[in-house]
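S.K.: Let's have the full structure, built from the sequences with the hints guiding it.
Each chain, letter by letter, is given below.
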Amino acid sequence: MQAKMQLRSQRAATVGRSRVQTKVVCRAFNSMESAHAEELKKTAAYIAQKGKGILASDESNATTGKRLESVGVENTEDNRRAWRELLYTAPGLGQYVSGAIMFEETLYQTARDGRQFVDILLSQGIYPGIKVDTGLQILPGDKGETTTQGLDNLADRCKAYRKQGARFAKWRAVVKIGEAGCPSTTAVLENAHGLARYAQICQENGLVPIVEPEVTLGPGDYSIEETAFWSERVYSHVMRLLNEYGVVLEGILLKPNMCLPGLDAPVATPKEVARATVRTMMRSIPPAVPGIHFLSGGMSEEEATLNLQALNEEAPNAPWALTFSYGRALQSSTLKTWRGQEANWAAAQDILVKLAKANSEASVGNFKGPHPVPGGGRILQALRTGGAGK
Amino acid sequence: MADLATVAAALSAPGKGLLASDESTGTIGKRLEKAGLPNTEDIRRAYRELYYTTPGMGQYISGVIMFKETLLQSTADGRRFVDVLAEQGILAGIKVDEGLAPLPDGGDGETYTRGLEGLEAACREYVAAGAKFAKWRATIKVSDVLPTDLAVERNADDLARYAKICQECGLVPVVEPEILIDGAHSQERFGAVTERVVGATVAALWRHGVALEGCLLKPQMVIPGAEAEGGPLPPGQVARATVAALRRVVPPAIPGIMFLSGGQSEEEATANLNAINLEAQAAGRCPWALSFSFGRALQVRRARGAPAS
Chain Z
14 MQAKMQLRSQ RAATVGRSRV QTKVVCRAFN SMESAHAEEL KKTAAYIAQK
64 GKGILASDES NATTGKRLES VGVENTEDNR RAWRELLYTA PGLGQYVSGA
114 IMFEETLYQT ARDGRQFVDI LLSQGIYPGI KVDTGLQILP GDKGETTTQG
164 LDNLADRCKA YRKQGARFAK WRAVVKIGEA GCPSTTAVLE NAHGLARYAQ
214 ICQENGLVPI VEPEVTLGPG DYSIEETAFW SERVYSHVMR LLNEYGVVLE
264 GILLKPNMCL PGLDAPVATP KEVARATVRT MMRSIPPAVP GIHFLSGGMS
314 EEEATLNLQA LNEEAPNAPW ALTFSYGRAL QSSTLKTWRG QEANWAAAQD
364 ILVKLAKANS EASVGNFKGP HPVPGGGRIL QALRTGGAGK
Chain P
10 MADLATVAAA LSAPGKGLLA SDESTGTIGK RLEKAGLPNT EDIRRAYREL
60 YYTTPGMGQY ISGVIMFKET LLQSTADGRR FVDVLAEQGI LAGIKVDEGL
110 APLPDGGDGE TYTRGLEGLE AACREYVAAG AKFAKWRATI KVSDVLPTDL
160 AVERNADDLA RYAKICQECG LVPVVEPEIL IDGAHSQERF GAVTERVVGA
210 TVAALWRHGV ALEGCLLKPQ MVIPGAEAEG GPLPPGQVAR ATVAALRRVV
260 PPAIPGIMFL SGGQSEEEAT ANLNAINLEA QAAGRCPWAL SFSFGRALQV
310 RRARGAPAS
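For the protein sequence lines, the chains are Z and P, in the order given. This note's numbering puts the first sequence at residues 14 to 403. This note's numbering puts the second sequence at residues 10 to 318.
One thing to keep in mind: the hints can contain errors.
[Claimed, not checked] Every beta carbon over 12 Å from chain P, so not counted as near; a handful from chain Z, in silico: (1) Ser-297; (2) Pro-299; (3) Pro-332.
[Said to hold, decoys possible] If the Cβ cut is set under 10 Å, some of the chain P residues that face chain Z in the computed set are: (4) Gly-65; (5) Tyr-69; (6) Arg-89; (7) Glu-204; (8) Val-211; (9) Ala-220; (10) Leu-221; (11) Glu-222; (12) Leu-255; (13) Pro-260; (14) Ala-262; (15) Ile-263; (16) Cys-295.
[Said to hold, decoys possible] To give a feel for the contact side, a few chain Z residues facing chain P, derived at Cβ under 10 Å: (17) Val-84; (18) Val-86; (19) Glu-90; (20) Asn-92; (21) Glu-263; (22) Arg-288; (23) Arg-292; (24) Ile-298; (25) Pro-300; (26) Ala-301; (27) Glu-327; (28) Ala-331; (29) Val-386.
What the hints contain is simulated information worked out from the structure, not anything from laboratory work. Don't be surprised by glycine CBs; every beta carbon is placed ideally from N, CA and C.
M.R.: The following block contains the structure:
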């Protein structure tokens with residue numbers, strides 16, 4: 014319940030000059046009135062439970078197409094469907110994964126035997142999630158900075174997705190660093206406002222918002238300290254606006270980047286990544302947020318696991334779960350094993366579950382190795398802009 | 010910065026808290042006069058000496074907040090208060106604000122805190138005199154229409170500027186956004202205002218680049234107004250609301266939350282603090298120390314006897 018009150022200056026009427034009216038904003042944070050608040054908290058707590066993380070499989074059709082084509086599979090709806098079926102029916106995946114983020118098309122798809130993907134996931138104890146942003150758009154200026162689109166009709170879309178079985182949503186904001194003038198204040202605030210508004214709408218419509226402010230891993234030899242510096246600034250604006258917008262923090266999840274140096278700088282050790290990342294989180298994220306699910310954004314599969322392990326060694330008593338929301342770091346070798354061949358189906362699923370297990374162990378500081386896919390290189394992708402999330 | 014973090018950690022060490030004995034001359038005078046004692050510098054000195062030389066205080070007190078006059082005073086036998094405290098492992102702190110003033114264009118009764126002008130020079134003097142931490146008190150009034158955004162943002166910003174100056178001079182700032190107990194508001198309303206005010210304060214600290222590991226927060230517990238129907242709430246209820254509110258707005262990097270006791274009785278404040286710590290342990294994920302910065306709640310209500318005793 015929001016109670017907005019206005020305080021008028023007594024002199025304004027007599028003096029006759031216009032004054033900015035001071036306003037009171039008082040939010041009832043315990044939102045007992047909100048039908049969804051308790052459910053949102055339970056859902057977020059479930060997804061952030063110890064030892065589990067999120068499978069990010071919400072690539073747009075175009076991006077999915079690029080991936081499929083890289084292993085010689087044609088980008089058709091049925092092939093996209095088959096690829097996701099492979100992921101979601103992997104036996105035992107639900108031991109290590111508590112949520113799977115889907116693209117809109119996938120949310121409504123079924124397996125070969127006719128079962129809905131959402132039901133398959135739920136039967137594994139995996140909550141279905143839905144990417145709701147409609148992609149990046151270039152901001153005015155010459156830096157190639159972006160904002161994220163998707164607020165129009167979001168409330169209605171959330172209602173529809175929830176009806177179909179989605180329990181949580183995701184919106185990716187990207188902030189570029191490493192170039193002179195980046196990030197601009199405009200870019201930081203624009204992205205933070207988008208995230209806060211999205212989160213507010215999701216909660217109003219019964220979906221837990223994953224808030225993803227990605228300070229992106231990009232070209233340049235900027236240091237890990239510079240990444241940490243900008244990450245702190247970005248996250249602090251995001252958290253400030255989430256509170257100002259009345260978003261219930263116990264009912265969100267955060268999906269940030271780990272702090273890494275630029276692509277042209279020497280790769281940081283897991284311990285260095287852990288120290289910078291944990292410090293940044295401690296400074297910016299209040300304990301009410303139940304889970305911090307790091308994106309893998311370009312890290313190799315092994316790097317993503319080793320860094321997550323180091324994070325949990327660095328902060329074994331962290332007030333939030335320090336876990337994963339991995340896309341490429343769970344899918345890359347899985348896809349390369351499958352290559353669209355039925356004969357490789359089980360082997361591909363096996364790799365996926367092994368990767369999920371390794372990251373599950375890392376998320377509680379118990380990963381001892383060896384890694385299922387050691388020595389892989391960085392898995393980079395270009396930033397896609399424009400297009401309504403197709 | 011490492012020094013600030015070390016001092017902040019020491020001040021918020023487990024089982025210890027702050028003694029707030031920084032009453033201004035006028036305020037302490039009222040208390041002395043009630044006890045039939047004259048308000049002279051020597052009586053004030055003797056009153057503070059009584060506390061600072063209490064044997065064993067160092068077991069429970071990590072720091073003492075002093076008024077400017079007191080920081081420079083000594084015991085009757087000539088030992089500096091700062092040194093007497095240091096011998097007990099107690100750090101000296103200094104109130105650096107210069108009191109409240111009406112907030113221009115604010116709501117009825119809203120204030121800002123004076124003292125930013127000349128603060129840096131004053132801090133350097135205090136550091137030279139042996140102070141390790143400082144304190145600045147902002148107050149926020151609650152009613153149906155208060156606080157205004159102006160009061161919240163102005164006080165948050167001033168607290169952050171104070172904190173930044175302190176850190177640059179080598180003092181750990183205790184950041185005190187006191188939401189006043191006066192009024193008939195409910196505990197729920199108080200919780201909402203707490204989140205708004207403490208959230209704005211933290212946002213201001215971020216904005217001004219204050220090192221969170223080297224500062225402490227001194228908020229009020231989440232309680233109903235003094236004139237609210239039903240009177241004080243059971244400690245468990247105070248604890249749950251307080252812990253829930255602070256978990257939403259205070260980042261883990263701040264090492265300690267040192268509650269003020271303003272308006273509560275000694276028994277109430279202690280019982281509530283105990284319940285807060287039990288609740289924090291039960292709820293989990295409360296990474297900061299939850300301790301006290303008590304003044305009236307620790308100090309004897311009446312000072313008795315001649316200065317020599």
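S.K.: Hint by hint, work out which the structure violates, then give me just those numbers in ascending order.
M.R.: 1, 2, 3, 4, 5, 6, 17, 18, 19, 20, 22, 27, 29
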